[in-house]
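*Asks:* Below are the chains, spelled out letter by letter.
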Amino acid sequence: MTVPMRTKPCRRSSPGRPGRRHAGRARRSAAVLATLRTTLLGLALAVLAAPAAAQSLVEIPAASYLPFYPVAGEGAHQVPAFELQAHPVTNADYLAFVEARPEWRQGAVPEVFADPGYLRHWAGPTDLGDADPDAPVTSVSWFAAGAYCQAQGLRLPLENEWEVAARADAERADASDDPERRAELLAAYSRRNGPPGPVAQGAPNRFGAHDLHGLVWEWVEDPWSGLAQGDSRNSGDRDVARVCGGASLGARDRSDYAAFLRYAVRTGLGPASLNGSLGFRCAR
Amino acid sequence: MPTPKRASRPTIVHALLVLATLAWTVGCGPPGGDVAEAAPAELLHVDAQAAEHADHPTALASDAPLPGASLYHLTADWTDHRGEALRLEDLRGGPVIVTMIYASCETACPILVGDVQRLYEALPEAARADTQVLVVSFDHERDAPERLAAYVASSGAEHPAWRFAVGDAHATRGLAALLGVRYRPAGDGMFSHTNLIAVLDPAGVVVHRTEGLGRPVQPAVDAVVAATVPGS
Numbered sequence: 000m001t002v003p004m005r006t007k008p009c010r011r012s013s014p015g016r017p018g019r020r021h022a023g024r025a026r027r028s029a030a031v032l033a034t035l036r037t038t039l040l041g042l043a044l045a046v047l048a049a050p051a052a053a054q055s056l057v058e059i060p061a062a063s064y065l066p067f068y069p070v071a072g073e074g075a076h077q078v079p080a081f082e083l084q085a086h087p088v089t090n091a092d093y094l095a096f097v098e099a100r101p102e103w104r105q106g107a108v109p110e111v112f113a114d115p116g117y118l119r120h121w122a123g124p125t126d127l128g129d130a131d132p133d134a135p136v137t138s139v140s141w142f143a144a145g146a147y148c149q150a151q152g153l154r155l156p157l158e159n160e161w162e163v164a165a166r167a168d169a170e171r172a173d174a175s176d177d178p179e180r181r182a183e184l185l186a187a188y189s190r191r192n193g194p195p196g197p198v199a200q201g202a203p204n205r206f207g208a209h210d211l212h213g214l215v216w217e218w219v220e221d222p223w224s225g226l227a228q229g230d231s232r233n234s235g236d237r238d239v240a241r242v243c244g245g246a247s248l249g250a251r252d253r254s255d256y257a258a259f260l261r262y263a264v265r266t267g268l269g270p271a272s273l274n275g276s277l278g279f280r281c282a283r
Numbered sequence: 000m001p002t003p004k005r006a007s008r009p010t011i012v013h014a015l016l017v018l019a020t021l022a023w024t025v026g027c028g029p030p031g032g033d034v035a036e037a038a039p040a041e042l043l044h045v046d047a048q049a050a051e052h053a054d055h056p057t058a059l060a061s062d063a064p065l066p067g068a069s070l071y072h073l074t075a076d077w078t079d080h081r082g083e084a085l086r087l088e089d090l091r092g093g094p095v096i097v098t099m100i101y102a103s104c105e106t107a108c109p110i111l112v113g114d115v116q117r118l119y120e121a122l123p124e125a126a127r128a129d130t131q132v133l134v135v136s137f138d139h140e141r142d143a144p145e146r147l148a149a150y151v152a153s154s155g156a157e158h159p160a161w162r163f164a165v166g167d168a169h170a171t172r173g174l175a176a177l178l179g180v181r182y183r184p185a186g187d188g189m190f191s192h193t194n195l196i197a198v199l200d201p202a203g204v205v206v207h208r209t210e211g212l213g214r215p216v217q218p219a220v221d222a223v224v225a226a227t228v229p230g231s
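Just so you know, the sequences run in chain order U and F.
Position one of the first sequence corresponds to residue 0 (numbering that gives the first Met the number 0), numbered consecutively onward.
Position one of the second sequence corresponds to residue 0 (numbering that gives the first Met the number 0), numbered consecutively onward.
Same shape as in the complex, but just chain U (with noise of 0.2 Å):
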């Protein structure tokens, strides 16, 4: 491969070095001023390299939780304390990471990362056009979440995590077992249908996270781990487990469609799989 030949800029030669005359004054003024510079360049840096300060995470205590859809003799699962992102990552925090990593781009992901559609609401690759930059970024597919938060420097919640943060109102730690609260989201859900408005408009939820309900679906790191057979020595019919057996007979409590729900929703995508209402946010 041959590189073109360039020239270098023209630069001027570095300048002269200041006259000894006001050595002694300069000096301590060069002191003080490197000192000031030091004390500036090293908060600038300090809080460039925290890039999670783009938005807050929220402490979510360790819970006990079992799994919507136990596997046989399954009992509850311990979920350690963890971090959260107070609400879903947002356009204009997702154009912030494509800005910076070109090849998350729209036209530059191979379709095996993401389905054709990736950022299909913006206007161009780092051009939002009129999507909110304050509302969820969605039509993002697992591997550009997990990637988003990878680069800054955290991961996609588990399902049990995400779970136990969801299932807080804003009083009690966990209002699942509450039929006026199942009635409340199954009702949120039912409004996701089109673009979805801003992030941290109403009250957070008891642990300081908000819209784990109201805004749109959120991928997780472990989506498809949610109907996975209980026997490893059974095989085949595997789709149909999963859709019929599992939604009918393997439920801890059928009669929380809104939990059915997102695991039906979550069992049902694919690494790939992009769309409208389904967004994500990081944890640590």
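It is worth saying that the hints were derived from the structure and are not from the lab.
Treat the hints with care, as some may be off.
[Unchecked claim] So the derived list for chain F, only partly shown, Cβ under 8 Å to chain U, looks like this:
#1 Leu70
#2 Thr74
#3 Gly173
#4 Ala176
#5 Arg183
#6 Ala185
We put the beta carbon where it would ideally sit given N, CA and C, even for glycine.
Starting from the known structure of chain U, fit chain F onto it as the hints suggest.
*Replies:* Then chain F, alone, in the frame of chain U:
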């Protein structure tokens, strides 16, 4: 390489950078000193970006572009049972038979590995010479390479063209999802999981899946043979 723009940088960063720049301008100290101070920070930032790019999943080692559906876009690092580093793209160039197991699995996995052996032995000699076998563990927390080596030894699956590999949690989930393998810890170190054998063509595209245990190997044999035909 220019430092990429970041649109949503908090305003405080801009303010601090402006102040830092001002301090420089006012300082007018010996240029050498400033450069020495500034360079490491600048370089650190640029190096971090370069490092991110270097391990990006779409980075290609070979000249020919990979098909969009190729699993070889995954550039995660794996380690095989011989302790050797492995990237999926290292397998590029011939058909690959892939399955996923875990070493503590006593019922399904030995049968599954046996199925792969049956498949491998049923291949016509010419196709077999071009074919590699990749067995990936989804028990990444416990299946260190030594453990996989013991598993290989005890199951009689040692073969130069066979590699048993383990990687990190995210890479393992991504590969499993692309192959169509679902797995889930079921307590006591056991997993519930899909039993699946996939065939990749020389460019890393999945061209066949056999799901289940003890299934006939002929469809997979046909897929491997088709993948070895030049120009296919």
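*Asks:* With reference to the structure, classify each hint as holding or not holding.
*Replies:* Results of checking the hints against the structure:
Because the beta carbon of leucine 70 of chain F sits about 7 Å from the nearest beta carbon in chain U, less than 8 Å, this interface hint is met. With its C-beta approaching chain U no nearer than about 11 Å, threonine 74 of chain F sits outside the 8 Å limit, and its interface hint is violated. The interface hint given for glycine 173 of chain F is met, as the beta carbon of that residue sits about 6 Å from the closest beta carbon of chain U, less than 8 Å. Among the interface hints, the one on alanine 176 of chain F holds; its C-beta lies about 4 Å from the nearest C-beta in chain U, closer than the 8 Å criterion.
The interface hint given for arginine 183 of chain F holds, since its Cβ lies 4 Å from the closest Cβ of chain U, which is under the 8 Å cut-off. Contact between alanine 185 of chain F and chain U, as hinted, is supported at the beta carbon level, the nearest pair being about 5 Å apart and thus within 8 Å.
Hint 2 from the list above is the single one not met by this structure.
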